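Below are the chains, spelled out letter by letter.
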Amino acid sequence: MTGEAERGRGRTASRWVLPFILILAAAPAAGGEVSTVLSLEAGGLVSYSDLDGWSADGVFSQTNELGFEYFGKASGERGDFLTFDLQTRLSYDPARPDDEPWAIEVHNAWLEYKLGLGQQVRAGHFEPAFGLERAVDTHGTLLQTLAMDAVGAKHDWGVAYRGQLGGADLEVAAQIGSGMGIERKDGSFLATARASTPPGGAFRIGGSLLHGRTLDSMGMRTIPQPLYSETATERTMAGADAEWSAGALDLSLDAAAGWIEDQGAVGGLLQVGAPFPRTDALRVEAQFSAWWEEHVDEEAALSAVVCASYRLTPGWTLRAAIASDRSYGNIPDETRLVFQAYYYGVAP
Amino acid sequence: MRRHAMLLLALACAAVLPVAPARGAVGCTLNDPDRDIQKLFPGATGYRTSFVTIAERGGKDLAARIEKRLGDRLDPVYEALDVPYAYYTVLKGEAVIGYVHGVNQKGKYGGMQMILATNTEGLVTGFYYQKISSPEAARFRDKAFTGQFVGLRLSDFDRFRSGSEEERAASPVARIKDPSTKSAEDFRATLRGVMKNLILLEELLRASGGQK
Numbered sequence: 001m002t003g004e005a006e007r008g009r010g011r012t013a014s015r016w017v018l019p020f021i022l023i024l025a026a027a028p029a030a031g032g033e034v035s036t037v038l039s040l041e042a043g044g045l046v047s048y049s050d051l052d053g054w055s056a057d058g059v060f061s062q063t064n065e066l067g068f069e070y071f072g073k074a075s076g077e078r079g080d081f082l083t084f085d086l087q088t089r090l091s092y093d094p095a096r097p098d099d100e101p102w103a104i105e106v107h108n109a110w111l112e113y114k115l116g117l118g119q120q121v122r123a124g125h126f127e128p129a130f131g132l133e134r135a136v137d138t139h140g141t142l143l144q145t146l147a148m149d150a151v152g153a154k155h156d157w158g159v160a161y162r163g164q165l166g167g168a169d170l171e172v173a174a175q176i177g178s179g180m181g182i183e184r185k186d187g188s189f190l191a192t193a194r195a196s197t198p199p200g201g202a203f204r205i206g207g208s209l210l211h212g213r214t215l216d217s218m219g220m221r222t223i224p225q226p227l228y229s230e231t232a233t234e235r236t237m238a239g240a241d242a243e244w245s246a247g248a249l250d251l252s253l254d255a256a257a258g259w260i261e262d263q264g265a266v267g268g269l270l271q272v273g274a275p276f277p278r279t280d281a282l283r284v285e286a287q288f289s290a291w292w293e294e295h296v297d298e299e300a301a302l303s304a305v306v307c308a309s310y311r312l313t314p315g316w317t318l319r320a321a322i323a324s325d326r327s328y329g330n331i332p333d334e335t336r337l338v339f340q341a342y343y344y345g346v347a348p
Numbered sequence: 001m002r003r004h005a006m007l008l009l010a011l012a013c014a015a016v017l018p019v020a021p022a023r024g025a026v027g028c029t030l031n032d033p034d035r036d037i038q039k040l041f042p043g044a045t046g047y048r049t050s051f052v053t054i055a056e057r058g059g060k061d062l063a064a065r066i067e068k069r070l071g072d073r074l075d076p077v078y079e080a081l082d083v084p085y086a087y088y089t090v091l092k093g094e095a096v097i098g099y100v101h102g103v104n105q106k107g108k109y110g111g112m113q114m115i116l117a118t119n120t121e122g123l124v125t126g127f128y129y130q131k132i133s134s135p136e137a138a139r140f141r142d143k144a145f146t147g148q149f150v151g152l153r154l155s156d157f158d159r160f161r162s163g164s165e166e167e168r169a170a171s172p173v174a175r176i177k178d179p180s181t182k183s184a185e186d187f188r189a190t191l192r193g194v195m196k197n198l199i200l201l202e203e204l205l206r207a208s209g210g211q212k
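Protein chains in written order, with this note's numbering: chain A, 1 to 348; chain B, 1 to 212.
The hints are simulated quantities; they were obtained by calculation from the structure and are not laboratory data. Take the hints with a grain of salt, since some may be wrong.
[Said to hold, decoys possible] What follows is a set of in silico ranges between Cβ atoms, one per label pair, in the way DEER data are often shown:
{"no.": "1", "chain 1": "A", "residue 1": "137", "chain 2": "B", "residue 2": "72", "range": "26 to 32 Å"}
{"no.": "2", "chain 1": "A", "residue 1": "187", "chain 2": "B", "residue 2": "119", "range": "53 to 59 Å"}
{"no.": "3", "chain 1": "B", "residue 1": "93", "chain 2": "A", "residue 2": "95", "range": "52 to 58 Å"}
{"no.": "4", "chain 1": "A", "residue 1": "121", "chain 2": "B", "residue 2": "67", "range": "42 to 48 Å"}
{"no.": "5", "chain 1": "B", "residue 1": "143", "chain 2": "A", "residue 2": "263", "range": "48 to 54 Å"}
{"no.": "6", "chain 1": "A", "residue 1": "229", "chain 2": "B", "residue 2": "76", "range": "47 to 53 Å"}
{"no.": "7", "chain 1": "B", "residue 1": "95", "chain 2": "A", "residue 2": "236", "range": "48 to 54 Å"}
{"no.": "8", "chain 1": "A", "residue 1": "95", "chain 2": "B", "residue 2": "182", "range": "47 to 53 Å"}
{"no.": "9", "chain 1": "A", "residue 1": "201", "chain 2": "B", "residue 2": "71", "range": "43 to 49 Å"}
{"no.": "10", "chain 1": "B", "residue 1": "71", "chain 2": "A", "residue 2": "238", "range": "39 to 45 Å"}
[As the list claims (entries may be wrong)] Some chain B residues flagged as far from chain A (calculated, every beta-carbon gap over 12 Å):
{"no.": "11", "residue": "44"}
{"no.": "12", "residue": "110"}
{"no.": "13", "residue": "141"}
{"no.": "14", "residue": "178"}
[Said to hold, decoys possible] To give an idea of the interface, some chain A residues facing chain B are shown, with a C-beta separation under 7 Å as derived from the structure:
{"no.": "15", "residue": "77"}
{"no.": "16", "residue": "200"}
{"no.": "17", "residue": "248"}
{"no.": "18", "residue": "280"}
The model shown is predicted, which means the values in this text are computed figures rather than measured ones. Beta carbons are placed, not taken as given, at the ideal position from N, Cα and C, and that holds for glycine.
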């Protein structure tokens with residue numbers, strides 16, 4: 001890519017992202033009482049692969065990073081009317097393209113206006129209304145959901161409506177299909193809808209639909225803009241997800257099936273987690289996932305990950321994971337060890 | 001070479017991370033606040049959310065007062081002074097009709113999230129576990145158990161913890177029976193969590209005038 005094109009990508013991202021972040025920063029001036037929480041985050045990551053040896057490359061959507069989250073609510077005489085969240089980080093990932101390991105990642109950047117109890121509209125950068133990713137927080141964790149396979153991204157730019165229908169929570173979202181960066185080309189878009197039983201009980205289930213033309217990107221980053229494919233990929237998917245608290249075990253299911261470019265695609269994920277008795281600090285989780293796409297030479301990928309987490313202090317969590325990836329195609333099998341130190345805590 | 005240098009940087013980063021100063025963890029917020037508020041207060045038309053920490057409302061002195069009243073130390077990891085607690089002040093029109101507030105409480109099999117609804121006088125009007133990991137979780141979640149906390153107030157727990165033998169026996173807290181067959185530890189943790197929740201409501205919100 002030429003330097004001019006590079007600068008162009010940077011300008012595209014800056015033109016849209018920075019003004020939106022300024023609007024978010026000004027959200028507390030919306031009036032009424034404002035209550036906010038400013039949290040800081042940091043992550044250190046090293047991994048070993050039996051193919052590539054030791055590296056500091058990003059893995060499982062994590063990188064070496066420093067960041068913050070600014071979350072708040074504005075309320076008036078009749079209650080909350082505005083919620084905002086800005087979560088961004090400066091990250092280092094040597095595996096990024098263009099010899100540009102440093103990047104700014106904007107994860108959450110949204111404003112949500114309450115239309116009434118149980119009804120909100122949201123605008124900005126947030127999770128599409130599809131799958132388990134909408135229900136769990138994988139921002140700092142090694143274990144991820146099917147979002148990257150089924151949707152192609154964990155967050156996207158656009159608008160959403162959240163409401164209730166009887167006992168179900170509903171959400172529909174219209175987004176631009178570019179994921180972390182802001183780029184719309186080749187008619188890219190992403191429309192998603194999800195209905196779920198409310199969280200908080202011992203069992204929760206959700207169903208989702210997705211149709212869109214999403215851009216494939218290299219490098220998880222917002223600034224500079226990721227490298228995008230010239231053409232969008234058409235996706236139509238249906239998904240089901242569930243969370244079940246079975247005694248001391250926590251189980252999660254995420255499944256999706258549909259078409260990518262008129263070719264079949266199907267995948268599933270099962271995750272089981274349990275704390276060690278008499279300690280909140282140590283937790284072990286195992287995840288098994290499979291993803292198959294007809295158009296990728298009928299490759300199937302299987303992955304098994306076992307992750308142990310130890311909460312060292314109120315903010316610091318240490319994680320170690322072993323992941324075994326098996327592929328029935330051209331991608332070689334790989335076993336990886338990943339070590340992560342992750343901090344998330346309220347700013348002083 | 002550059003790759004190795006960066007690897008060293010990452011390793012150094014990982015090595016120094018654990019010795020960084022500890023700060024707060026994130027407190028217990030409602031997973032689905034609009035629906036939860038509607039369920040706990042069917043007449044509600046809205047709510048105001050506020051985030052409050054022990055550190056900002058009195059720091060170590062306040063923490064010592066809370067520990068004395070609770071009769072137990074606050075856990076330095078899970079009950080740190082800068083943990084932000086979320087308080088939902090429930091409104092009917094512009095009038096305050098109650099509060100919803102949650103705490104994290106260490107149980108035998110990990111953290112429990114315990115949500116209380118109280119009226120403006122501090123009387124418990126609702127209680128449920130937003131999260132509980134236990135082989136007997138269903139027994140604890142059963143309304144036959146959680147319903148026994150409705151109608152209690154902080155003074156009932158005060159009498160139960162530090163009153164005379166007669167006062168302890170007379171406290172309605174003494175009549176709450178452990179619903180489990182072999183999870184007494186989680187039952188005790190539940191009593192502690194509910195009491196802590198009511199103390200925090202008193203100290204962090206109501207003592208400062210609450211939200212009108």
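Results of checking the hints against the structure:
no.: 1; hint: 137(A) <-> 72(B): 26 to 32 Å; verdict: 30 Å, holds
no.: 2; hint: 187(A) <-> 119(B): 53 to 59 Å; verdict: 55 Å, holds
no.: 3; hint: 93(B) <-> 95(A): 52 to 58 Å; verdict: 56 Å, holds
no.: 4; hint: 121(A) <-> 67(B): 42 to 48 Å; verdict: 44 Å, holds
no.: 5; hint: 143(B) <-> 263(A): 48 to 54 Å; verdict: 50 Å, holds
no.: 6; hint: 229(A) <-> 76(B): 47 to 53 Å; verdict: 50 Å, holds
no.: 7; hint: 95(B) <-> 236(A): 48 to 54 Å; verdict: 49 Å, holds
no.: 8; hint: 95(A) <-> 182(B): 47 to 53 Å; verdict: 50 Å, holds
no.: 9; hint: 201(A) <-> 71(B): 43 to 49 Å; verdict: 32 Å, violated
no.: 10; hint: 71(B) <-> 238(A): 39 to 45 Å; verdict: 53 Å, violated
no.: 11; hint: 44; verdict: 7 Å, violated
no.: 12; hint: 110; verdict: 3 Å, violated
no.: 13; hint: 141; verdict: 6 Å, violated
no.: 14; hint: 178; verdict: 17 Å, holds
no.: 15; hint: 77; verdict: 5 Å, holds
no.: 16; hint: 200; verdict: 5 Å, holds
no.: 17; hint: 248; verdict: 4 Å, holds
no.: 18; hint: 280; verdict: 5 Å, holds
When each numbered hint is compared with the structure, violations occur for hints 9, 10, 11, 12, 13.
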